[in-house]
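All chains, full assembly: derive it from the sequences and hints.
Number of protein chains: 2
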Amino acid sequence: MDDISFAVLGTGGIGRRTLDISRHKEGLTPVAACDRRGVAIDPEGLDVDELLAATGGDAAGDDAPATADGGTAVERRGLAASAQAESTDAPIDDVIAASDEIDAVLLALPNLEHDFIPRVADRFVDAGYEGVVVDVLKRSRVIGMLDERADAFEGSGITFVCGAGATPGFLTGAAALAAQSFIEVESVEIWWGVGLKSGYEDNRGTVREDVAHLDGYDLDAVRDLTDEEIEEIIDARGGVLEFRDMEHADDVLLERAGICDAADVTVGGVLDVRSDEKPTTTTVRVTGRTFDGETGTNTFELDDATSMAANVNGPALGYLKAAVRRNRAGEYGVFGPAELMPGF
Amino acid sequence: MDDISFAVLGTGGIGRRTLDISRHKEGLTPVAACDRRGVAIDPEGLDVDELLAATGGDAAGDDAPATADGGTAVERRGLAASAQAESTDAPIDDVIAASDEIDAVLLALPNLEHDFIPRVADRFVDAGYEGVVVDVLKRSRVIGMLDERADAFEGSGITFVCGAGATPGFLTGAAALAAQSFIEVESVEIWWGVGLKSGYEDNRGTVREDVAHLDGYDLDAVRDLTDEEIEEIIDARGGVLEFRDMEHADDVLLERAGICDAADVTVGGVLDVRSDEKPTTTTVRVTGRTFDGETGTNTFELDDATSMAANVNGPALGYLKAAVRRNRAGEYGVFGPAELMPGF
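For the protein sequence lines, the chains are A and B, in the order given. Heads up: the first sequence begins at 261 in my numbering, then just goes up one per residue. Heads up: the second sequence begins at 261 in my numbering, then just goes up one per residue.
Keep in mind that the hints were calculated from the coordinates and are not lab data. Quick caveat: nothing in here was measured; it's all calculated off a predicted structure. Heads up, none of these hints are tricks.
Covered by chain B, per the in silico footprint, the following chain A stretches (three or more residues, Cβ under 8 Å):
no. : segment
1   : 440-449
2   : 559-569
3   : 592-603
Pairwise CB distance ranges, derived in the manner of DEER restraints:
no. : chain 1 : residue 1 : chain 2 : residue 2 : range
4   : B       : G499      : A       : G476      : 53 to 61 Å
5   : A       : E444      : B       : D360      : 32 to 40 Å
6   : B       : E591      : A       : E489      : 52 to 60 Å
7   : A       : D478      : B       : E502      : 54 to 62 Å
8   : B       : E414      : A       : G417      : 19 to 27 Å
9   : A       : D411      : B       : E304      : 26 to 34 Å
10  : A       : E286      : B       : D411      : 22 to 30 Å
11  : A       : E286      : B       : G498      : 40 to 48 Å
12  : A       : D309      : B       : D360      : 50 to 58 Å
No residue lacks a Cβ here, since even glycine has one placed at the ideal position from N, Cα and C.
What follows is the structure in structure tokens.
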């Protein structure tokens with residue numbers, strides 16, 4: 261496959277790590293990056309070493325781990341601190357203006373309103389962008405909003421991959437593959453563990469959102485809590501939050517890919533904000549019936565030593581590569597990660 | 261994705277099970293099948309129930325399990341016993357003559373000479389076939405022969421997927437996905453278990469080939485042994501053959517996909533010809549280094565209850581679907597299964 265030029269919108273945790281990891285990957289050239297007030301564009305390829313150093317140290321070092329939903333860590337210094345960057349009032353527009361040179365765009369923007377990512381995508385459509393757009397979100401409702409734009413993406417020539425991070429991306433991809441033994445999938449159980457001690461301060465927003473998934477809470481209730489009240493909820497659980505039946509897009513994306521009904525998918529996990537060790541092993545279990553009448557469970561397990569950051573950013577770039585291939589072959593629209601796997 | 265019409269060349273174990281499983285899959289219509297002396301073609305779709313019943317019972321029932329290399333089981337009755345079939349002296353040519361109506365061809369032919377599959381592919385090229393061809397072989401050397409034909413495939417419009425069965429297909433696909441946590445893959449360990457009691461008689465040829473992988477034997481040595489001598493070798497091991505460092509295409513295919521060097525891949529397994537229970541659990545272990553400096557091992561494990569047959573034929577159809585999508589988008593040439601996964 262030919263070389264792929266890509267842009268990263270957002271230089272928080274996800275964005276910085278994407279740049280970092282791309283240095284180790286074949287055929288990926290970062291040509292643009294932006295944050296709220298700065299933009300760096302170089303069609304020949306950004307100097308990632310300089311950019312990461314100038315803006316706050318190596319992404320792999322003291323940077324916050326990525327969170328399960330791809331939330332970004334707090335930025336250290338603005339991108340404008342890099343010698344390659346310029347200050348700007350319209351960073352995304354600046355990247356769009358250069359998008360003729362960009363094969364793929366990874367959206368590593370903070371999760372603000374639910375429609376923030378879809379609205380950013382609209383701006384690429386309005387500019388007639390042809391290429392790939394990837395997000396690493398997890399919320400089911402965003403996928404519906406993207407689906408409403410499928411015709412617009414096709415008209416523009418955009419291949420949009422949604423939810424390409426650790427979960428749903430990596431883990432639904434694994435489920436789609438593990439399903440291949442079966443003629444009918446009975447259940448998909450996705451169970452994740454995240455240790456977030458050193459990244460806790462940078463991920464308060466995400467942790468707050470996670471609290472909404474605990475029994476007795478919801479997004480509305482959590483929005484009105486003070487930081488101290490959130491802290492009390494976490495303290496009461498010894499820093500360990502366990503989640504069952506989360507609203508994760510995994511179910512929707514597996515149904516889209518024809519693997520099983522959304523109702524057959526369960527997602528849960530354990531977040532430990534007082535340890536960097538994973539409190540539980542991230543596992544995907546796919547149970548199904550084989551053509552010869554047996555019932556079995558295939559399993560995919562991530563080593564506890566692989567950080568959530570590694571498991572968000574590696575797959576995001578892997579799916580980005582797959583999507584560029586689709587895009588170059590003229591396949592446009594909205595895809596879930598599992599749809600980029602072998603068919604079921 | 262639109263409906264896919266497909267043909268199966270060969271109606272031994274693999275071919276029959278492909279037809280059987282396709283009944284349970286969305287969007288797959290078998291339109292042609294052939295064996296040595298018969299051919300059945302119906303662009304509206306074959307009646308698989310009748311075809312399997314007429315030619316020797318349900319594929320999922322008393323039929324022999326598929327072998328690790330996709331070797332076919334002995335045929336029961338010729339395809340011509342089916343009311344849908346006709347006798348023919350040139351079954352493959354008959355299918356080729358109808359290939360305008362065929363999106364994909366699964367080669368489930370016996371492993372005869374190494375170049376048998378490549379030469380069958382040549383005949384499709386000569387006829388100007390545009391579509392997908394899939395094999396479920398495991399031998400590395402065949403892939404080289406197919407690669408020599410890549411230009412011819414591109415000229416004709418053929419997307420050829422080689423080794424799409426359990427191994428290398430399913431398991432290298434899993435390795436490609438499991439690698440996504442890492443920036444560098446240090447090792448891929450593929451370890452399979454097959455219980456072949458009820459399928460032993462039908463798989464003597466494959467077992468003989470497997471014996472060549474035992475310490476102290478090679479293909480030349482094994483070719484000259486009598487059935488009794490083979491039997492003695494197996495008896496001396498209590499019916500259980502353990503293999504290390506096999507010549508499997510997994511290594512070549514993972515290198516092609518850019519996952520790791522072929523030398524970093526090891527393939528082994530245990531074959532028990534006196535039990536249908538798997539003597540060991542089929543597992544893929546991918547060890548690598550993450551961008552943040554950790555070393556970990558991600559694992560993919562198939563339930564012992566999933567038969568080798570299920571694990572050959574499901575993935576073969578899954579990759580076939582993926583390949584049809586590539587083919588329709590104009591991507592031609594030779595692909596390993598891992599190349600149909602997210603990029604590394």
